[in-house]
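Enquirer: The residues making up each chain are set out below.
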Amino acid sequence: MTDDRKSPAPEVPSIGASRPDVVPTHSVQDPAPDAAPRDAANWAAKVDRLTVDDSQRAHGYNIQGKRIAGPQQGFGRLWQRTYSADLGTAITPEELVADWRARFGDFWPKSGRFYGSVASIQPGDVAPLTAGGVTTGIMVLYADDTSFSFMTPEGHMFAAMITFSSEVAEAGGTLAHIRMLLRTSDPMFELMWPVAKRAEDVFWPGTLKNLAAAHGVHSVVVTSATECVDRSRLWKNWKNLRHNSAIRTVWHVARAPFTSRRGA
Amino acid sequence: MGISTATMKVASPRPGVAVILIAGDVTAACEQTLMTAHEEATDVGAKLIVLDFAGMDYMNSGGIGMLVTLLVRAQRRQQKLAAVGLTEHYRQIFELTRLDEAISLHDDADAALAAR
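Residue numbers (the numbering used here), protein chains in the order written: chain A, 4 to 267; chain B, 48 to 163.
So that you can see chain B by itself, here it is in the shape it has in the complex:
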């Protein structure tokens, strides 16, 4: 697997919630980076994890596969996933792959938190 081409930062805006800010190119090479971010989110007790894609430049099918893996890991820990900051292009990819049936899509983090 190649070198990660994305950065991911974790914040906890309120108890039980973590936001992962994703920037750069999301490919399978980022899997370890994303899983590390997920561990951090779990460590702060997150039951809702908001994936913020506003800083994402590019995603390939390996990136989608990685999100499926993340989804499984989150479900195993009774965590819900939400996605925000998706452009129309990436929103359609979530819908095409039916990821939107398991990861709720919102315009921004506030909307995701309000829908909690």
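With the rest of the complex left out, here is chain A:
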């Protein structure tokens, strides 16, 4: 465990207009001197390159050895997209997220397949997935009682961080959210964005509807919001094309008969 003892926040170097601006909403208490950070167990350990578990190696060809790619490593415009559903009062946010983590792939619509482990989603997990015929994957970056987040590997359609969370609404119901911050990874995927966006608008609401139905809510309304955070494209990252998972999936499938014959 990392020793995360903190020194008190230093005064900002001398001069200038010190401008207290934000009113604290709760008091911040000093942690015990030798306390590990509260979130230590929630984060994935640092890795430079992703490794797929042997049991999932057959589907992990577009993840193995890849690096994580966050939105700043992508190419296209930066979007923030949120899908939400109110599941009522039959389940708490903690219960919902525990079940979501335990059976994540079960709630996906049939157009996608998630090759996660049989156990609950845990920080650091690397899992292949197939969506829209393209095989790629995710790494679990963070997980706690009410949320979990994925990041995508190089070559995924989106350079993204995707967070699944739950909270209690003002009206008392349990809200489920899927929130993503994403750029398409390369120019080819950027061209496909209008189609991909529509597919996402079917896939993720479908996931929330399946999640709701699994908890007895059969007429859930899914709301969505989309904000373009940055309209500029990151042309310096056009070379991400070399990792493109769609191209690599086609190549993998095309040569599969020959590689399996050679292996026989």
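Please note that the accuracy of each hint is not assured.
Stated by the list, open to error - Below, in silico cross-link-like pairs of lysine-lysine (DSBU-like), each with a Cα-Cα straight-line distance of 30 angstroms or less:
#1 A:K113 with A:K200
#2 B:K127 with B:K94
#3 A:K200 with A:K239
#4 A:K49 with B:K127
#5 A:K239 with A:K113
#6 A:K242 with A:K200
#7 A:K242 with A:K49
#8 A:K200 with A:K212
#9 A:K49 with A:K239
#10 A:K239 with B:K127
#11 B:K94 with A:K239
#12 B:K94 with A:K212
To be verified - Take a look, some chain A residues computed to stay more than 10 angstroms from chain B by CB distance:
#13 P40
#14 A47
#15 F110
#16 Y145
#17 D204
#18 R245
#19 P260
Source of the hints: derived by calculation from the structure; they are not laboratory data.
Note that CB positions come from ideal geometry on N, CA and C, so glycine has one too.
Fit chain B to the given chain A structure using the hints.
Expert: Okay, now just chain B, sitting in the frame of chain A:
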């Protein structure tokens, strides 16, 4: 979005530089607080904004997402971001998420200013 669980104070130790002192729990609920601090930093003409995390107690993935958004806004205004006061735990999270490729990491504000 919930109630902000962090405090952020802005100081300008020298022309063109602003330091945002971050304390408490950094989550997506702090987005408006951070963006307000960023506006203040912009108002003093900062081209380098130093995020001082020495007082941070906790951060979740929503906090990282918020920093990505801040990074975009800063780049749009030709501002550079630097981070100081990160413990080894949080430094590794910056490296894991590759935020360190866009936000330079330093031990303290003096080092960030010297690297300017």
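Enquirer: Please go over all the hints and tell whether each is borne out by the structure.
Expert: To see whether the hints hold, each was checked on the structure:
Our distance criterion of 30 angstroms between C-alpha atoms is met by A:K113 and A:K200, whose separation comes to about 18 angstroms. For the suggested pair B:K127 and B:K94, the alpha carbons sit about 6 angstroms apart, so the restraint of at most 30 angstroms is met. This hinted pair checks out: A:K200 and A:K239 have alpha carbons roughly 23 angstroms apart, not beyond 30 angstroms. Taking the CA atoms of A:K49 and B:K127, the gap is about 25 angstroms. The hint holds against a cut of 30 angstroms.
A distance of roughly 36 angstroms separates the Cα atoms of A:K239 and A:K113; the hinted pair therefore is violated under the 30 angstroms criterion. Annotation: proposed proximity of A:K242 to A:K200 holds, straight-line Cα distance about 22 angstroms (limit 30 angstroms). Restraint check: the Cα-Cα separation between A:K242 and A:K49 comes to about 25 angstroms, which is no more than 30 angstroms; the hinted pair holds. Restraint check: the Cα-Cα separation between A:K200 and A:K212 comes to about 18 angstroms, which is no more than 30 angstroms; the hinted pair holds.
Straight-line distance between C-alpha atoms of A:K49 and A:K239 comes to about 25 angstroms, which keeps the hinted pair within the 30 angstroms bound. A C-alpha spacing of about 18 angstroms is found between A:K239 and B:K127, which places the hinted pair at or below 30 angstroms, so the restraint holds. For the given pair, B:K94 sits about 22 angstroms from A:K239 by alpha-carbon distance, which is consistent with the 30 angstroms threshold. Between B:K94 and A:K212 the alpha-carbon distance is near 46 angstroms, which puts this suggested pair outside the 30 angstroms criterion.
Interface exclusion of A:P40 from chain B breaks down, the closest Cβ pair being 5 angstroms apart, not more than 10 angstroms. For A:A47, the requirement that its beta carbon stay farther than 10 angstroms from each beta carbon of chain B is not met, with the minimum near 6 angstroms. With a minimum CB-CB distance of about 20 angstroms to chain B, A:F110 clears the 10 angstroms threshold, and the non-interface call stands. Residue placement check: A:Y145 does not keep its beta carbon more than 10 angstroms from all beta carbons of chain B (closest about 4 angstroms).
The claim that A:D204 lies off the interface holds: its Cβ sits roughly 21 angstroms from the closest Cβ of chain B, which is beyond the 10 angstroms cut-off. No Cβ of chain B approaches the Cβ of A:R245 within 10 angstroms, the least distance being about 18 angstroms, so the stated non-interface status holds. Remark: the non-interface label on A:P260 is consistent with the geometry, its nearest Cβ contact in chain B lying 37 angstroms away (cut-off 10 angstroms).
Hint compliance for this structure: hints 5, 12, 13, 14, 16 are broken, all remaining hints hold.
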